[in-house]
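Chemist: All chains should be modelled from the sequences, with the hints used to inform the complete structure.
2 protein chains.
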Amino acid sequence: MNPALEKSVSRTTTLPHRVHNFGAGPSTLPLPVLKRIQEEMLDFAGLGASVIEVSHRSSEFMRMAGETREHLRRLMNVPASHSILFAHGGGHMQFSAVPLNLLGLKPSRKALYVDTGNFALRAIEDAGRQGYIRTIASGRNSDYDRIPELNPQDLDPDACYLHITTNNTAMGTRWNTWPDSGNIPLVGDMTSDILSRHVDVNRFGLIYASAQKNVGIAGAAVVIVRKDLLGHALPDTPNLLNYQQLDEDNSLTNTVPTFTIYVMKLLLEWLEEQGGLEAMEAANERKAKLLYDVLDRSAYYRAYVQPAHRSTMNVTFTLPDNTRLERFLAEAHRNGLYALKGHSFRGGVRASIYNAMTEAGVRALADFMTEFERRNG
Amino acid sequence: MNPALEKSVSRTTTLPHRVHNFGAGPSTLPLPVLKRIQEEMLDFAGLGASVIEVSHRSSEFMRMAGETREHLRRLMNVPASHSILFAHGGGHMQFSAVPLNLLGLKPSRKALYVDTGNFALRAIEDAGRQGYIRTIASGRNSDYDRIPELNPQDLDPDACYLHITTNNTAMGTRWNTWPDSGNIPLVGDMTSDILSRHVDVNRFGLIYASAQKNVGIAGAAVVIVRKDLLGHALPDTPNLLNYQQLDEDNSLTNTVPTFTIYVMKLLLEWLEEQGGLEAMEAANERKAKLLYDVLDRSAYYRAYVQPAHRSTMNVTFTLPDNTRLERFLAEAHRNGLYALKGHSFRGGVRASIYNAMTEAGVRALADFMTEFERRNG
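If you read the protein sequences in the order shown, they are chains A and B.
For the first sequence, my numbering puts the final residue at 377, and the numbers step up evenly by one.
For the second sequence, my numbering puts the final residue at 754, and the numbers step up evenly by one.
Worth double-checking, as some hints may not be accurate.
Stated by the list, open to error - DSBU-like, lysine-lysine: derived pairs with alpha carbons at most 35 Å apart:
{"#": "1", "chain 1": "B", "residue 1": "K412", "chain 2": "B", "residue 2": "K642"}
{"#": "2", "chain 1": "A", "residue 1": "K110", "chain 2": "B", "residue 2": "K487"}
{"#": "3", "chain 1": "A", "residue 1": "K227", "chain 2": "A", "residue 2": "K106"}
{"#": "4", "chain 1": "B", "residue 1": "K604", "chain 2": "B", "residue 2": "K487"}
{"#": "5", "chain 1": "B", "residue 1": "K718", "chain 2": "B", "residue 2": "K412"}
{"#": "6", "chain 1": "B", "residue 1": "K487", "chain 2": "A", "residue 2": "K106"}
{"#": "7", "chain 1": "A", "residue 1": "K227", "chain 2": "A", "residue 2": "K110"}
{"#": "8", "chain 1": "B", "residue 1": "K483", "chain 2": "B", "residue 2": "K604"}
{"#": "9", "chain 1": "B", "residue 1": "K666", "chain 2": "A", "residue 2": "K106"}
{"#": "10", "chain 1": "A", "residue 1": "K289", "chain 2": "A", "residue 2": "K341"}
{"#": "11", "chain 1": "A", "residue 1": "K35", "chain 2": "A", "residue 2": "K341"}
{"#": "12", "chain 1": "B", "residue 1": "K718", "chain 2": "B", "residue 2": "K666"}
{"#": "13", "chain 1": "A", "residue 1": "K289", "chain 2": "A", "residue 2": "K35"}
{"#": "14", "chain 1": "A", "residue 1": "K35", "chain 2": "B", "residue 2": "K642"}
{"#": "15", "chain 1": "A", "residue 1": "K35", "chain 2": "B", "residue 2": "K412"}
{"#": "16", "chain 1": "A", "residue 1": "K341", "chain 2": "B", "residue 2": "K412"}
{"#": "17", "chain 1": "B", "residue 1": "K412", "chain 2": "B", "residue 2": "K666"}
{"#": "18", "chain 1": "B", "residue 1": "K666", "chain 2": "A", "residue 2": "K341"}
{"#": "19", "chain 1": "B", "residue 1": "K642", "chain 2": "B", "residue 2": "K604"}
{"#": "20", "chain 1": "A", "residue 1": "K110", "chain 2": "B", "residue 2": "K483"}
{"#": "21", "chain 1": "B", "residue 1": "K412", "chain 2": "B", "residue 2": "K487"}
{"#": "22", "chain 1": "A", "residue 1": "K35", "chain 2": "B", "residue 2": "K718"}
{"#": "23", "chain 1": "B", "residue 1": "K666", "chain 2": "B", "residue 2": "K642"}
Hints are computed from structural coordinates only; laboratory data are not their basis.
Modeler: The following block contains the structure:
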């Protein structure tokens, strides 16, 4: 190990021992948030009970859940036309809930989807159980190295909605300009880029995101939905998947994952302390650039994604051959650079650098990449 | 406040300040479990990351999830004929998932339910969206003071299953003998009494329970299902509500609520240390008797439930009038006896005394009741 790396590793092994966690989700959290959870574990709001022991209907919890929603509304500038819901089951459950709630908007029961990789494909598959789903563009032919272009003629005005995956966790692509869907409500799965950049929520009829990347930990999803789209759920929609029901009940239709909401609130507070979305977006651009600069300078590493379509959240690349790829992952792990293995759909290396990933962590990876190339080039 | 109570309160206010938490769920946890969570919050399994930061597909997490299942199988003596699943959304989500998975067993799409109070009614309502639901017995006419008797002639052999709520959290009743449903699979919502007593799992086609009472914290449900009942889900069943899909994927179809599974494992280990279900059942009988003895000796308090149908988990009673009821709840709260207000469906007082409630806590409540009656009788 070179001295610079040894020093970096020895820094991370001071107490508490912390790796740089590049996992795609559940993913790294800010250390101050973890410490606060630890400190408060035995007593929430002075109640003499832990946050994981108190009722979701206690005034203390309901106040906190309301504050969490307000933090999110403020941070994302969510207009009054849209409701914010907490839903069970992560992003994947919304692959079913979205069609169940929106395919009743028109008698056609039709919706349009864009295939930008494996999570988009799973969304398409699940929606297919509920209605008539048409994939109007796919990145498959270019091995998902870009977001495919839409043909305006494919925007069937009879469709209930158009679904996109705004950031593709496994692929490393993201939408950098939103498609113009006209009167067709645009639905965005923002699971892996919510809160990472400014988004004009008005452009979307519905936004959803599982919590375990930029909004906290596994166990819930956030749904932001234009209120006029509510009330059209298909008749056999399970009660807890019915957005109108959740909206009427302030998302407390049943016991919510209370700890997940609590961590969400701490994380949103931390995000506000960092300067909100504007500061976060700038930091994310800086962090991503550190890695893309290494990739673009190098003939050794190959970035999977075309520059105009690159994600700032998930940086994907590969090495000249599998032997060196395996060595890279093993050495990185020994250097405290954790969970860099790419998704099986894509292979190679994936560095997930969500909001909570520090610039120091990204620098450590960039340095390691440069050093590894020097020794194994 | 009388001296005995003051002493009891001062004991509970030593660090860490802990109330006796009689909440119905999310509910009290064993202090050693909370402390362990606190200790391990910054580092799970020596990974240099928190348990809430690591992937559900990491070998460390998958091993833990497997161990959790095995703990549960051992504690409940679950036979090889039954699979154990972790599902999203708590018990309420299973109100929809059960009919979606089982109403395809027969062309009739019929199921039988027993109305034993508000959660049974919600299960009936949700199931009604998926098929033909018949309520074959109801406790309504006796104000749910007992489990109603079933008429064997109502057991329509064409039904896909018979659903009961084995313990009624809001009512304070429980089934003390299981109905003989013949060839009709028996389905039990065990949300508030799982792991509180010995259950012959072979009697059930399917058991489900949300986690936040005796199995940990909010955010998941446990489903125990006879394998031959899998594979008959209705075609539009959302993927994450499909038990066969969960079974094939070892419940890792998508990101599971990792922290909830982790707490579940700690709680099951604690339960084994306490001597397993036999010891727990005996302790629960002892704890419940402390309260029922006060109720039966008193003409002041009135137990809601007939002796043969009483729950050991939720003890419900009322006072002579609302003024004294309100005073009781307020004084109890000041004495560190937390969350005793009855469910709105029932009113009065409800003491939820799940596995993790200590005998000292129950004694403190019994003493308070006696003392309160003396002063306000």
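Chemist: Is the Cα-Cα distance between K604 of chain B and K487 of chain B 35 Å or less?
Modeler: Holds: K604 of chain B and K487 of chain B sit about 20 Å apart, inside 35 Å.
Chemist: CA of K412 of chain B to CA of K666 of chain B, is that 35 Å or under?
Modeler: It holds: about 30 Å lies between the C-alpha atoms, which stays within 35 Å.
Chemist: Between K642 of chain B and K604 of chain B, does the CA-CA distance stay at or below 35 Å?
Modeler: holds, 24 Å
Chemist: Would you mind confirming whether the straight-line C-alpha gap from K487 of chain B to K106 of chain A stays at or under 35 Å?
Modeler: holds, 30 Å
Chemist: Hint check: K718 of chain B vs K412 of chain B, CA-CA at most 35 Å. Holds or violated?
Modeler: holds, 28 Å
Chemist: Just to be careful, I want the Cα atoms of K412 of chain B and K642 of chain B compared with a cutoff of 35 Å; is the pair within it?
Modeler: Satisfied, since the Cα-Cα distance of roughly 14 Å is no more than 35 Å.
Chemist: Does the alpha-carbon distance linking K666 of chain B and K642 of chain B stay inside the 35 Å limit?
Modeler: With Cα atoms ~29 Å apart, K666 of chain B and K642 of chain B stay inside 35 Å; holds.
Chemist: Does the alpha-carbon distance linking K227 of chain A and K106 of chain A stay inside the 35 Å limit?
Modeler: holds, 16 Å
Chemist: Has the given pair, K227 of chain A with K110 of chain A, been kept, meaning a C-alpha gap of at most 35 Å?
Modeler: Between K227 of chain A and K110 of chain A the Cα gap is close to 20 Å, so the pair holds against 35 Å.
Chemist: Within a Cα-Cα threshold of 35 Å, do K35 of chain A and K341 of chain A meet the stated pairing?
Modeler: holds, 28 Å
Chemist: Would the hint linking K666 of chain B and K341 of chain A be met if the CA-CA limit is 35 Å?
Modeler: Outside the cut-off at roughly 56 Å; violated.
Chemist: Given the hinted pair K35 of chain A and K412 of chain B, is their Cα-Cα distance within 35 Å?
Modeler: holds, 14 Å
Comparing the model with each earlier hint shows violations of hints 9, 18, 21; every other hint is respected.
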